[in-house]
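> Letter by letter, the chains look like this.
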Amino acid sequence: MKKVVNRLIQCILTMFIVSILCFALTKAAPGDPVLTYVEPNMSEEYIANLRESMGLTKPLYEQYFIWLGKILQGNFGNSLMNNRPVLTQIMERLPATVILMGTSMVLGFLIAVLLGLYSGKNKNGVLDKITSLFCYVGISIPTFWFGIMLIYLLSVNLHLLPSIGMHSEGDRSFGDLVLHMVMPCAVLTFANASQYIRYLRSSTITEMSSDYVTVQTAYGMKDSGILFHHVLKNAMLPMITVLGMSLQSLVSGAIITEQVFAWPGIGQLAVTAVTQFDYPLIMGITMFTALLVVAGNLLADVLYAVFDPRIRKGSC
Amino acid sequence: MKKKVQTVLLALAVSAVSCTVGFPALAEETASAAAGGNIVIAETADPQNVNPLFVVDQTSFDMQQALYSPFFEIVGGEMYYENGLCESVTVNDDASEFTLKLKDGLKWHDGEAITADDVVFTMEVLVDESQNVPYASYGYVNDTPVTAEKVDDLTVNLKLGSSSAGFLGGLSQVYCIPKHIYEGVANIGESELNNTPIGSGPFKFEEYKSGEYFKVVRFDDWFNPVNLDSITYKIVKDSSSANAALASGDLDARLISADDYAAVSSYDNVTIYSYNSGRVNAMFLNELNADLQDVSVRQAISYALNKEELCQFAFISEDYADPAYSLLTPDTLYYTEPENQYNNDPVKAQELLAQAGKTDLSLNLMYISTDKTMESEALYIQSSLANVGITINLLPTDESTFKNKTKDPECTDYDLVLSFYTLGEEPSLYADMCYSESRSNYSRISDADLDALWDKANMTADAAERGEIYSEIQNKISDNMYIYPIAYSNGFYAVNKKFGGFEDCLLKTIYYDYSKIYLAE
Chain A
11 MKKVVNRLIQ
21 CILTMFIVSI
31 LCFALTKAAP
41 GDPVLTYVEP
51 NMSEEYIANL
61 RESMGLTKPL
71 YEQYFIWLGK
81 ILQGNFGNSL
91 MNNRPVLTQI
101 MERLPATVIL
111 MGTSMVLGFL
121 IAVLLGLYSG
131 KNKNGVLDKI
141 TSLFCYVGIS
151 IPTFWFGIML
161 IYLLSVNLHL
171 LPSIGMHSEG
181 DRSFGDLVLH
191 MVMPCAVLTF
201 ANASQYIRYL
211 RSSTITEMSS
221 DYVTVQTAYG
231 MKDSGILFHH
241 VLKNAMLPMI
251 TVLGMSLQSL
261 VSGAIITEQV
271 FAWPGIGQLA
281 VTAVTQFDYP
291 LIMGITMFTA
301 LLVVAGNLLA
311 DVLYAVFDPR
321 IRKGSC
Chain B
2 MKKKVQTVLL
12 ALAVSAVSCT
22 VGFPALAEET
32 ASAAAGGNIV
42 IAETADPQNV
52 NPLFVVDQTS
62 FDMQQALYSP
72 FFEIVGGEMY
82 YENGLCESVT
92 VNDDASEFTL
102 KLKDGLKWHD
112 GEAITADDVV
122 FTMEVLVDES
132 QNVPYASYGY
142 VNDTPVTAEK
152 VDDLTVNLKL
162 GSSSAGFLGG
172 LSQVYCIPKH
182 IYEGVANIGE
192 SELNNTPIGS
202 GPFKFEEYKS
212 GEYFKVVRFD
222 DWFNPVNLDS
232 ITYKIVKDSS
242 SANAALASGD
252 LDARLISADD
262 YAAVSSYDNV
272 TIYSYNSGRV
282 NAMFLNELNA
292 DLQDVSVRQA
302 ISYALNKEEL
312 CQFAFISEDY
322 ADPAYSLLTP
332 DTLYYTEPEN
342 QYNNDPVKAQ
352 ELLAQAGKTD
362 LSLNLMYIST
372 DKTMESEALY
382 IQSSLANVGI
392 TINLLPTDES
402 TFKNKTKDPE
412 CTDYDLVLSF
422 YTLGEEPSLY
432 ADMCYSESRS
442 NYSRISDADL
452 DALWDKANMT
462 ADAAERGEIY
472 SEIQNKISDN
482 MYIYPIAYSN
492 GFYAVNKKFG
502 GFEDCLLKTI
512 YYDYSKIYLA
522 E
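Here the protein sequences line up with chains A and B, keeping their order.
Every number in my numbering is 10 more than the matching position in the first sequence, counting from 1.
Every number in my numbering is 1 more than the matching position in the second sequence, counting from 1.
No lab work stands behind these hints: they were computed from the structure.
One should not assume that every hint holds.
Said to hold, decoys possible - Here are the simulated lysine-lysine pairs, DSS-like style, with alpha carbons at most 27 Å apart:
1) B/Lys151 with B/Lys108
2) B/Lys180 with B/Lys308
3) A/Lys68 with B/Lys404
4) A/Lys37 with B/Lys404
5) A/Lys243 with A/Lys232
6) B/Lys210 with B/Lys151
Given the structure is predicted, the values throughout are model-derived calculations rather than measurements.
Based on the sequences and whatever the hints tell you, model everything.
See the structure below:
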């Protein structure tokens with residue numbers, strides 16, 4: 011319990027440092043955010059008013075504490091682009107990103123467990139070689155290219171799936187959502203699974219040479235039993251770290267995939283915020299993502315303890 | 002004695018070249034139309050604010066034209082009332098008083114009547130400093146706000162501080178907003194009321210899903226027939242995906258660039274409409290750079306470039322753009338080709354540089370990194386200027402930083418900058434690009450004589466005299482090589498063949514009339 015409390019304190023401290031960095035880096039970015047909104051016909055007075063209304067005339071430290079104080083109350087400010095609350099916009103986009111990223115992470119994980127375990131067990135076998143090829147292609151292939159190719163094949167040529175968006179016009183049913191998800195999810199799952207398989211295969215190979223596997227085999231335990239009841243649990247440890255680090259992508263989204271499939275998630279919102287230099291939105295998304303990274307690490311630590319009794323008992 | 006402005010503008014337009022909307026042979030209209038239907042039009046970003054007095058982004062501007070009707074438009078130098086709220090506009094002899102007569106029976110989307118009170122309210126908001134309207138300058142003449150007086154329910158009298166022949170050009174870009182919605186709102190630009198707009202256009206607001214779409218449906222009480230049931234503006238940022246969606250039929254229409262033309266024209270289900278976009282691509286020469294303050298250096302740069310070759314290189318085909326020689330577009334009133342066209346002459350360029358003592362120049366050329374046309378322009382310019390001994394350092398810049406730098410009047414990070422502008426047919430609006438204190442004066446020109454000419458032209462009512470002044474302005478800009486115009490580029494609208502009416506929709510440069518689009522049977 012004490013360890014968990016200590017980790018929580020570390021998390022709070024990390025978030026505080028992240029908030030300073032996030033604020034400082036945004037302020038240090040080249041250009042004047044006000045000028046982004048200046049149009050030829052705007053008067054100097056208008057621009058001065060705009061600067062003041064954006065709170066940019068105050069000292070930097072004051073701006074930071076005002077911003078931090080608001081964030082602690084759940085107020086991320088309003089977007090400079092459309093004057094809508096940042097939090098509202100993040101929340102509007104969050105479900106789309108979570109459903110896409112969550113599904114692809116889960117599918118990627120399941121595929122990785124199956125292929126990673128069997129590849130590791132049958133090192134240099136036919137399945138292992140096919141799986142390795144699958145991974146090399148998945149890691150190397152650019153997602154935007156793969157996405158566009160899928161669109162041309164399945165939408166333009168075969169007319170099997172909708173090419174872009176999350177829903178068809180006037181149809182917000184679950185079935186329609188699934189149809190729209192197939193291609194972006196396939197692209198992300200392919201990339202995720204390729205990465206996860208490499209980790210699981212590697213740790214499975216290590217575990218397969220362990221004494222406990224030899225003992226279980228000697229006792230006549232079936233291969234599948236050894237793999238899923240013993241090896242998987244130990245081979246999962248590096249995967250927990252990878253998954254923990256990936257948790258932030260549930261919020262930050264897959265920017266390129268969202269762009270290619272016009273998926274209305276946070277990734278697209280982040281791109282727009284950056285290109286428009288909408289710094290309240292940039293900082294809002296960054297803080298949200300940072301929170302998830304910290305939470306992911308915390309969760310990974312907890313899961314380590316669950317999977318590895320040595321950590322739980324403090325022997326490691 | 003008052004007379005119809007239409008007559009005045011017809012006279013003013015003697016020397017003007019009519020707006021041309023060119024369509025390929027493919028774009029022949031389908032014979033018959035079916036009522037109803039929905040068209041899905043691609044947009045590259047979410048709208049920021051569709052209130053027409055506060056629109057500053059292209060997406061909102063596109064949607065605003067479905068939601069709001071202008072007072073009138075100026076097409077080919079003539080007053081055009083068909084899509085407008087006004088039935089007529091009359092002007093007094095010295096162009097200091099304009100009378101707007103509204104059409105009878107106009108309605109807002111919530112059913113309220115559109116009256117003179119709305120026009121007066123709009124004009125008051127326009128010049129209300131506390132409202133910070135970006136287009137406020139259209140409500141001022143010689144720094145004096147225009148005053149609006151209601152004559153009767155359908156008539157409004159606008160009084161200007163002094164004569165302004167160019168006033169209507171600005172007014173054609175002002176859209177009426179409903180008084181009963183916005184009266185008493187302290188900050189209209191930031192009001193949440195803008196998220197559920199009540200407009201006057203052929204389509205009314207239905208729904209907006211952030212990152213997905215903005216939907217409008219037919220307004221049955223609009224003063225002209227509207228063919229479609231609805232329009233869905235779908236947000237698609239990636240152009241390759243948008244092209245694929247066009248091919249698959251998930252999108253029905255989108256603006257495409259010259260780079261996309263070849264790919265999209267191969268789609269069986271799509272027709273490409275080519276139209277005069279009113280856009281001028283140009284290179285600005287920053288006079289905050291001491292070397293560029295010398296007119297010989299600026300002229301040398303112009304002589305070193307082969308404009309026809311530059312257009313061919315940047316726009317892929319000469320069908321996509323014409324070489325530009327004036328600050329104004331050919332369909333702008335009083336457009337004249339400047340006498341000095343700086344035909345390519347590298348020897349003369351080198352002589353001018355030697356004469357100026359600048360034989361070892363190094364200049365920074367800034368452009369938007371994601372704009373392929375600009376990138377091609379930059380590469381060509383770099384190569385051509387190297388031939389006369391000028392080193393060009395390319396500064397590809399993201400759009401946000403580009404805007405920041407060009408709008409900063411003291412920015413010296415760039416010496417040359419590639420940009421473009423679309424300002425319509427009223428010549429006085431082009432002053433923005435080179436008037437001393439204007440923020441769009443990317444060349445940072447400071448020429449009191451030129452400023453005086455712009456002012457004088459705007460206050461001159463006599464057509465012939467006004468034409469002479471604008472001719473002088475165009476020659477002066479060219480002689481001093483303040484701005485190097487590159488091309489008048491065409492716009493391309495790729496549309497699914499099941500839709501018709503785009504010839505009428507794209508009736509003039511930057512405006513669309515969505516009511517004309519129909520689903521072909």
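> For each hint, tell me whether it holds in the structure or not.
Going through the hints against the structure:
1. B/Lys151 with B/Lys108: holds (18 Å)
2. B/Lys180 with B/Lys308: violated (50 Å)
3. A/Lys68 with B/Lys404: Distance ~24 Å between A/Lys68 and B/Lys404 Cα, so the pair holds.
4. A/Lys37 with B/Lys404: Since the Cα atoms of A/Lys37 and B/Lys404 sit roughly 17 Å apart, the hinted pair holds (cutoff 27 Å).
5. A/Lys243 with A/Lys232: holds (16 Å)
6. B/Lys210 with B/Lys151: violated (39 Å)
Figure legend: structure checked against the earlier numbered hints; hints not met, in rising order: 2, 6.
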